[in-house]
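Novice: As given, the protein sequences belong to chains Y and H, one line each in that order.
According to our numbering, the residues represented by the first sequence are 18 to 337, in order.
According to our numbering, the residues represented by the second sequence are 18 to 337, in order.
Please keep in mind that the hints were generated in silico from the structure rather than gathered at the bench.
Misleading hints may appear alongside valid ones.
Which copy is meant is left open, so a pair is good if it fits within one copy or across any two.
What the hints assert, rightly or not - Cut-off 27 Å, straight-line C-alpha distance, at most; resulting in silico cross-link-like pairs (DSS-like, lysine-lysine):
{"hint": "1", "residue 1": "Lys90", "residue 2": "Lys320"}
{"hint": "2", "residue 1": "Lys321", "residue 2": "Lys52"}
{"hint": "3", "residue 1": "Lys52", "residue 2": "Lys30"}
{"hint": "4", "residue 1": "Lys320", "residue 2": "Lys53"}
{"hint": "5", "residue 1": "Lys312", "residue 2": "Lys35"}
{"hint": "6", "residue 1": "Lys232", "residue 2": "Lys329"}
{"hint": "7", "residue 1": "Lys52", "residue 2": "Lys293"}
{"hint": "8", "residue 1": "Lys312", "residue 2": "Lys60"}
{"hint": "9", "residue 1": "Lys329", "residue 2": "Lys35"}
{"hint": "10", "residue 1": "Lys87", "residue 2": "Lys321"}
Computed from a prediction, not measured in an experiment: that's the story for all the values here.
There are 2 protein chains.
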Amino acid sequence: METLVERVLERNKRAIAKAISLVENHPDECEQFIKKIFPYTGKALVVGTTGPPGSGKSTLLNNLAIEFRKRGKTVGIIAVDPTSPFSGGALLGDRIRMDELSADPDVFIRSMGSRGSLGGLSRATMDAIRVLDAAGFDLILVETVGAGQSEVEIVRTAHTTIVIGIPGTGDAVQAIKAGILEIADIYVVNKSDRPGADEIARELRLLLTLDPHAKDEGRWRVPVISTTNLPPVSGIIELADTILQHQVFLNDPKNAALAFEQEMIRRKNEIHEIIKVEIFENMLTSLIGRQEWEKILKDVISKKLDPYSAAKSIMDPLFR
Amino acid sequence: METLVERVLERNKRAIAKAISLVENHPDECEQFIKKIFPYTGKALVVGTTGPPGSGKSTLLNNLAIEFRKRGKTVGIIAVDPTSPFSGGALLGDRIRMDELSADPDVFIRSMGSRGSLGGLSRATMDAIRVLDAAGFDLILVETVGAGQSEVEIVRTAHTTIVIGIPGTGDAVQAIKAGILEIADIYVVNKSDRPGADEIARELRLLLTLDPHAKDEGRWRVPVISTTNLPPVSGIIELADTILQHQVFLNDPKNAALAFEQEMIRRKNEIHEIIKVEIFENMLTSLIGRQEWEKILKDVISKKLDPYSAAKSIMDPLFR
């Protein structure tokens, strides 16, 4: 394991891949491993991106990574979206472009399975981010499909959150209702070569000004950036600039209190995740045996016992 | 509260609405309330539906509810999708159609907030289903956006799960990758008036036969049903028939063992949800004070303490 740690710190791609498999599949070793690399983390800018399937997130991230490489930045990409081309489900053209990117020694791309991550996807993703962080990637781009609670949790671990929408019916309204507008640091209207793009960008800008805190002094103003994926791509340079501006904003001593508060929330969420896993995968099995479980479940099915009382009886030993 | 229970059992719409608000916002009273109505539950067929935004789920459910009403069935609808027209974010035409439906005394429609449910959305949704069940609705249709882990959990509480897709790039592949094909009891290709519909239906049927257990005797064969939302709607009668066939299948004494096993899993998931809420909203706050939390988080941020050790130190009192 010592060797693995050393080689991850040297940014060896095979070691990084191995380390991420370890955090995905071996919770016990993961814990030891994370403890060892933990002191080397905290340098990367973690950029969470979220948007519905079909919004062209992966291609956008691909183009963004190319732009950051031009600027000499090293880039890690983690795709948590099972429908992402990064995860393999791609049109051939996309795949080829992404393969080119991943051949770059200063780029590392990994998709996380939505099933099969022992100990929860959120926890595994956070630890995978940490592996890339320790490996010294300047930027870590995390792609999620962003419609579910767990995906929103993953995005919340990012320093900078990009919400991606496309022109179409009610996108702006849906963003508000889904509560994703309020998590955005940057809003991107992708596929802005399509009809209705200017309109949705205008709507979003308007909606963002309606936030009562929108004009508070020293507050980050959420920009709306229009991008296209089809060559000639547009908006990518502006998006890369804006991400780096947000980094500057977060590192500004004037915003230290805000940045610290956000970091407190991120770490609290992470500890919550670890506790959740610990309780459900370890503690619960030690509290209650298989036969006892069966008896309780049968009593609930036959309505002798309601589920709340069942939960209480299982947790009883904890309170003794 | 006794009065509220009685009036819910009489299927009084105002009482039902009040009861669902109670399970959403008042965890303590909820527990008491659920204990009281619990003996009256277990009669409804709970149908979970999931599909991406834009797949026309809400309109399909609307049409399905109308079909079931024609057959004399009472119908409850719970929309867990924040982008659902049932939740208010609708085109005017949709809204009007849904308002007509909800004016029917034997139909109850409710959307669940994706935020603001104290004690977790999954738990609140399960209890809302229970309220409608106690109120004597024959069918309870639950709509989720289905891309996230919590949404899949919600769908897993259903007796019958419908996965909805639309013609378009790689829908079949995406369904497999997202692991939603394996939760489907019925697969619907909606908007089947669009090009590519026959192709995706064919692909899905092929994929479903690839399941090694697909030909096991006595097993439910997952059908693929093509539907349209635009008048004249098609496929709805077949879909309604199929849902009721699945109910017959589940109630067949030959399948009693399977049905019981599934019910065991559902109840186990539900008890897990309750335990999760209990631990994070009650137990954790009693284990660790605000100041202690702050100290731990600061130590993690300054890298004096790694998150795994932090989680352990918080849970330590549980093991003494």
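Novice: At most 27 Å between C-alpha atoms: does Lys52 with Lys293 qualify within a copy, between copies, both, or neither?
Specialist: Both. Shortest intra-copy (19 Å) and inter-copy (26 Å) distances satisfy the 27 Å Cα cut-off.
Novice: Have a look at Lys312 and Lys35 and pick one of within, between, both or neither, based on CA distance no larger than 27 Å.
Specialist: So Lys312 and Lys35 fail the 27 Å test inside a copy (41 Å) and across (34 Å) alike.
Novice: My question is about Lys329 and Lys35: at a cut-off of 27 Å on alpha-carbon distance, are they close within one copy, between copies, both, or neither?
Specialist: between (41 Å within a copy, 26 Å between copies)
Novice: At 27 Å max between alpha carbons, let me know whether Lys232 reaches Lys329 within a copy, between copies, both or neither.
Specialist: This pair counts as neither: shortest intra-copy Cα distance 47 Å, inter-copy 42 Å.
Novice: Given identical chains, is Lys90 near Lys320, meaning Cα to Cα at most 27 Å, within a copy, between copies, both, or neither?
Specialist: between (60 Å within a copy, 25 Å between copies)
Novice: Have a look at Lys312 and Lys60 and pick one of within, between, both or neither, based on CA distance no larger than 27 Å.
Specialist: between (51 Å within a copy, 22 Å between copies)
Novice: When no copy is specified for Lys321 and Lys52, does a C-alpha distance of 27 Å or less occur within a copy, between copies, both, or neither?
Specialist: Between. Shortest inter-copy distance 11 Å satisfies the 27 Å Cα cut-off; intra-copy 46 Å does not.
Novice: If the cut is 27 Å between Cα atoms, do Lys52 and Lys30 qualify within a copy, between copies, both or neither?
Specialist: The answer is within: 20 Å in one copy meets 27 Å, while 55 Å across copies does not.
Novice: When no copy is specified for Lys320 and Lys53, does a C-alpha distance of 27 Å or less occur within a copy, between copies, both, or neither?
Specialist: between (49 Å within a copy, 11 Å between copies)
Novice: Between copies, within a copy, both or neither: which fits Lys87 and Lys321 at Cα up to 27 Å?
Specialist: neither (66 Å within a copy, 36 Å between copies)
Checked against the numbered hints above, the structure breaks hints 5, 6 and 10 and satisfies the rest.
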